[in-house]
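Here the sequence shown stands for residues 9 to 102, where the numbers follow my numbering.
Hints are computed from structural coordinates only; laboratory data are not their basis.
In this text the structure is predicted, and so the values were computed from the model without any measurement.
Ideal Cβ positions, reconstructed from N, Cα and C, are used throughout, including at glycine.
Check the hints yourself; a few may be wrong.
Unchecked claim - FRET-style restraints, in silico, Cβ to Cβ: (1) N67 / T92: 35 to 45 Å; (2) W40 / M9: 31 to 41 Å; (3) G21 / L94: 30 to 40 Å; (4) L96 / C47: 13 to 23 Å; (5) A93 / A54: 38 to 48 Å; (6) E10 / V87: 44 to 54 Å; (7) I26 / R99: 15 to 25 Å; (8) R36 / W66: 45 to 55 Å; (9) S65 / I91: 38 to 48 Å; (10) G52 / G100: 27 to 37 Å; (11) G68 / I91: 32 to 42 Å; (12) D64 / L94: 41 to 51 Å.
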Amino acid sequence: MEVLILWTLGMWGVQLLIEWVLYRVQGRRMTWLQSILPCLTLLGGAIVIMISIDMDSWNGIGYALLGFTLGTSGLLTLVTVAITALVLRRRGRS
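Go ahead and model the full structure; you've got the sequences and the hints to work with.
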């Protein structure tokens, strides 16, 4: 179980790093791209879970756990980006 938690936090960290690089490249502005990337990660996790349902072996459970961690990290990134956008909007930056 600890491996799943570490894997989720690692993927979340990588996604936040990508979001930060995009923020810096776009001139310190939040754009729609920062909201789309976590949604794609969440969708990817759901697709992996749906694929794992068709598997009738122990590999299906592994893929389901991988999809779960991928979706969870996407959801955490989406929440983090939404909070960041709210904070920046309140401070007067866009």
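Report the numbers of all earlier hints that the structure fails to satisfy, in ascending order.
3, 5, 6
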